[in-house]
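Novice: Chain residues, written in single-letter form:
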Amino acid sequence: MNNPILTVKHLSVTFNHRQTVVDGINFEIHAGETFALVGESGSGKSITALSVLRLLPNNARLNADAMTLLGDDLLKHSEFELCKIRGRRIGFIFQDPMSSLNPVMTIGSQIEEVIKLHFDLPRDAVKQRALELLQQVELPEAQQRIKDYPHQLSGGQRQRVMIAIALAGKPDLLIADEPTTSLDVTIQAQILALLKNIQQQTGMALWLISHDLALVSSIADRVAVMQQGKIVESGLTAEFFNRPKHPYTRKLLNALPSMSSCLTHSAAEKPPLLQVSDFYCYYPIRKGIFKRVVGHVRAVDGVSFDIQQGKTLALVGESGCGKTTLGKSLLNLIPGSGRVVINGVELNALSGEALRQQRANIQIVFQDPFSSMNPRMLVGDIIAEGIRALHPKVSSDERKARVRQLLQQVDLPEDSALRYPHEFSGGQRQRICIARALAVDPKLIVCDEPTSALDVSVQAQIIQLLKTLQQEKGVSYLFITHDLAVVAEIADDVAVMYQGKIVEQGSVAEVLTQPKQAYTKKLLAAVPVLKRDH
Amino acid sequence: MVVLWTDALIYLLIVVMLALGIYLRGKEHIQRPLQQIGRSKIGMVSLVVLLFFVLIGLLDSVHYVPADDKKNEIISLLDAFATPLREHGEKTYSAPFAITLYSKEMMTLADGTMQWAYPRLEFGGRHLDNPETQRIPDILQKAFYGLAQGASLIGFFMLLMWGLLAEQHKRFMRGSTAKTVWAVAFVIVSISYAAIYLSAYYHIFGTDKVGEDVFYQAVKSIRTGLVIGTLTTLIMLPMAIIFGILAGFFRGWIDDVIQYIYTTLNSIPGVLLIAASILMVQVYMANHEAAFTSVIVRADTRLLFLCMILGVTSWTGLCRLLRAETLKLREMEYVQAASALGVKQGTILLRHILPNVMHIVLISVVLDFSSLVLAEAVLSYINIGVDPTSYSWGNMINGARLEMAREPIVWWSLTAAFVFMFALVLAANLFADVVQNAFDPRRSGNE
Chain L
1 MNNPILTVKH
11 LSVTFNHRQT
21 VVDGINFEIH
31 AGETFALVGE
41 SGSGKSITAL
51 SVLRLLPNNA
61 RLNADAMTLL
71 GDDLLKHSEF
81 ELCKIRGRRI
91 GFIFQDPMSS
101 LNPVMTIGSQ
111 IEEVIKLHFD
121 LPRDAVKQRA
131 LELLQQVELP
141 EAQQRIKDYP
151 HQLSGGQRQR
161 VMIAIALAGK
171 PDLLIADEPT
181 TSLDVTIQAQ
191 ILALLKNIQQ
201 QTGMALWLIS
211 HDLALVSSIA
221 DRVAVMQQGK
231 IVESGLTAEF
241 FNRPKHPYTR
251 KLLNALPSMS
261 SCLTHSAAEK
271 PPLLQVSDFY
281 CYYPIRKGIF
291 KRVVGHVRAV
301 DGVSFDIQQG
311 KTLALVGESG
321 CGKTTLGKSL
331 LNLIPGSGRV
341 VINGVELNAL
351 SGEALRQQRA
361 NIQIVFQDPF
371 SSMNPRMLVG
381 DIIAEGIRAL
391 HPKVSSDERK
401 ARVRQLLQQV
411 DLPEDSALRY
421 PHEFSGGQRQ
431 RICIARALAV
441 DPKLIVCDEP
451 TSALDVSVQA
461 QIIQLLKTLQ
471 QEKGVSYLFI
481 THDLAVVAEI
491 ADDVAVMYQG
501 KIVEQGSVAE
511 VLTQPKQAYT
521 KKLLAAVPVL
531 KRDH
Chain X
1001 MVVLWTDALI
1011 YLLIVVMLAL
1021 GIYLRGKEHI
1031 QRPLQQIGRS
1041 KIGMVSLVVL
1051 LFFVLIGLLD
1061 SVHYVPADDK
1071 KNEIISLLDA
1081 FATPLREHGE
1091 KTYSAPFAIT
1101 LYSKEMMTLA
1111 DGTMQWAYPR
1121 LEFGGRHLDN
1131 PETQRIPDIL
1141 QKAFYGLAQG
1151 ASLIGFFMLL
1161 MWGLLAEQHK
1171 RFMRGSTAKT
1181 VWAVAFVIVS
1191 ISYAAIYLSA
1201 YYHIFGTDKV
1211 GEDVFYQAVK
1221 SIRTGLVIGT
1231 LTTLIMLPMA
1241 IIFGILAGFF
1251 RGWIDDVIQY
1261 IYTTLNSIPG
1271 VLLIAASILM
1281 VQVYMANHEA
1291 AFTSVIVRAD
1301 TRLLFLCMIL
1311 GVTSWTGLCR
1321 LLRAETLKLR
1331 EMEYVQAASA
1341 LGVKQGTILL
1351 RHILPNVMHI
1361 VLISVVLDFS
1371 SLVLAEAVLS
1381 YINIGVDPTS
1391 YSWGNMINGA
1401 RLEMAREPIV
1411 WWSLTAAFVF
1421 MFALVLAANL
1431 FADVVQNAFD
1441 PRRSGNE
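Those sequence lines, one after another, are chains L and X.
Per this note's numbering, the very first residue in the first sequence carries number 1; after that it's consecutive.
Per this note's numbering, the very first residue in the second sequence carries number 1001; after that it's consecutive.
Bound conformation, chain L alone (with noise of 0.2 angstroms):
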């Protein structure tokens, strides 16, 4: 092998003198590889990347025997010396592209700022370099948009500036942490071979900091596997692929939602539970002082479908096509117009006190656990919430029963009641959030991307949970997601929405194994596989 980029021996990071971190560990990356280093949240994946850059907290403690860049040890060089490696050997790709860029610059400013900072050019030549890097990180019309504000950018492109500025130092090394979580499915496909061709050009070191092992197994050519601040597991992807020898690693492939499992469902009709047709939500856009209504923007655009009893429809589609807006104002939280049959009762015709009584049919289990409870209530309260105020006559040792089996049967321990949301982690909290909904026993929930927001092992258990609960009780969803390996695992049909309408429209296995339209194709398409030679 050739000689490492970056060598790490013995890292350990501990905050507050107490919680370990990151624990003695140790991985080298070489020139022209793609590393990636995979693990759930909290292992301690992202503070390894930013303790290599120095950029811990002020409450974390770095050790380490050896922290080598092409020979150069890092360790030695003082805060003021590591600023000029940060950015210029260095380059770094942050998660979130909304927060990375400031607002008030415009980007071709915000690239300028890093060539400046690194190298000694006239004021033409930068400008001309800023302009080269943002065609090599194929912005397109890149002439014009170099003026653009963060703003005016979708989050896709917004990555490409990060790209762009990342690259603006010519680093040997690039970290990416996450560069592609927050993005759409579609997008996500084009930043990786963004990443990847760039890579190609320039023969630098492409550092994967990642959660999504299917990702991962497209792109990188060596993987080490993180838990609790330990690499577990690292190797050569392909044979890290097919034979993973640590039993968490294992386990993490397993919880893989696979797009295969959709063949299982059996496919017996059942009776309508939830008929919606033809459904429209606009929102007016207001101008001028009057507030004139000037025109729409149409969330969701004329809409059908139905739900049959205890089974699952999937709605898939990316950010922004109203899918969650059509979610929400099936539950009558955000207004909407058209015909929503449950049941045999016309939700849209009710209003005021009639409405309410009819609340008990939709629930509603929300995307982001953290959010989703209010934190000054207890769990029992936030749970017995929907029978207080949908069954006031229920005495309140009832209630106190009904939680203790509600929290039964989410498994979550029965003292759960008397604690607060914050002392949960993520998965807990979405299992006392379908506890919530179960309370008033809906005969159908709405699941809001309710595994998104949580590790690959959790969202298998979460999945899991909803499955088991639609056996016990005969229970619809109507699950909204981007993800469709998830869609695969859980669903009995499929609506794929695109631009507030929904294109496609099926049973699980007919869509996706037989898409017809080309936008469920190229959905499918850019699905990143584990890649297993079986």
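No lab work stands behind these hints: they were computed from the structure.
Here the structure is a predicted model, which is why all the values come from computation and not from measurement.
Yeah, the Cβ is synthetic: ideal placement off N, Cα and C, and Gly gets one too.
Treat the hints loosely; a few may be bogus.
What the hints assert, rightly or not - When the alpha-carbon atoms are kept at most 35 angstroms apart in a straight line, the in silico DSBU-like pairs for lysine-lysine are as follows:
1) L:K270 to L:K467
2) L:K116 to L:K76
3) L:K9 to L:K76
4) L:K501 to X:K1344
5) L:K291 to X:K1344
6) X:K1328 to L:K400
7) L:K467 to L:K251
8) L:K473 to L:K393
9) L:K443 to X:K1344
10) X:K1220 to X:K1104
11) X:K1344 to L:K467
12) L:K393 to L:K443
13) L:K147 to L:K522
14) X:K1328 to L:K147
15) L:K287 to X:K1328
16) L:K467 to L:K393
17) X:K1344 to L:K393
18) X:K1328 to L:K443
19) L:K251 to L:K196
20) L:K467 to L:K443
21) L:K473 to X:K1344
22) X:K1328 to L:K501
23) L:K393 to X:K1328
24) L:K287 to X:K1344
25) L:K522 to L:K467
26) L:K291 to X:K1328
27) X:K1344 to L:K400
What the hints assert, rightly or not - Here are some chain X residues the structure puts well away from chain L; computed CB gaps all over 10 angstroms:
28) V1016
29) E1073
30) L1085
Put chain X on the given structure of chain L with help from the hints.
Specialist: This is chain X only, laid out in the frame that chain L set:
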């Protein structure tokens, strides 16, 4: 017994707080933060200091007409306790622990000759025959006596408590926080006893321009400070909370109306409104002289109106903050989940929005409390604050304006006002910090 208007409101406040305490006694989620406050040393120490101030304020809020009334005056329990001190007026300025006036005067000596010298005080150090040599030893001795008496008093009280306590409470009392609290109570009681003991013989904070004891003034000002701080907040809070939350939650025309009101109110200079209302009160009192016979009743009415108008002018800032926070909160998923569960809007406001804006309310109440005590000083400056005859730190500071320009400088009025104000505002701030930490579930248990 005479009940002044502010007295009545203070009694009402105490009754409401007691009722609230009894109502919340059995609630699990309130108990835990309270226990945490109980464990926090800073919290308990500042609470002891606050309670000490409140106790003085309460003593000063029980007014009555003394039996041997000659001057048609109403006095409070505190005045009754401080009667010798209250009446020990000198001629003019004298420094702390001084035995002579601060300025020289022409005096007629025993043999009939005139001399330009510092005259002896009428009350301060009168018991000394030979002041030059006796003064310092006497002060030290009296301070020691006072401390010893105070210490034995509180020590006796503590022993009595200890004897009466059950075994399980004794274990609690051996905890480190309880020990700190006892130590602080011990120190406060001993020192204040020594101060009271000394003030019978000396003016421990000196005297002011008309020869009144500054220590007495500073202690009397505690009530004014507390009244302005609490009553004003009490008037301001309901308006700010109700309007802010309604505007943020319902949006639409309700929001428009409320915003219109507070923008209008905000664009009128507050001083103008305060001046106008104080003048109105004065005119009213002049026209209805029969109802306001005593000086203290007049001063009290003016204080009450000052509190009201300060409350009316100061709710807009908090209201704005609460509206913005509610706008944010109403989009939170737990609020949406609640409405999906069929929870009524009023209940959502009470259970989901209100508890989550309380931290803002608490912080701004404490900040306002401090700034109101200070605002009172500023308003006294332009003569629209509390009545010039009533005691307040603002009036003391206002008077100190001229005293600071004197040569030699008169520093004790300002210092006394500063020390008392500082102790009160600091204790309130520290206590509010602890309360806020304890009631924030995300932060509790970290310490």
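Novice: Which hint numbers does the structure go against, in order from smallest to largest?
Specialist: Hint check: nothing fails, all pass.
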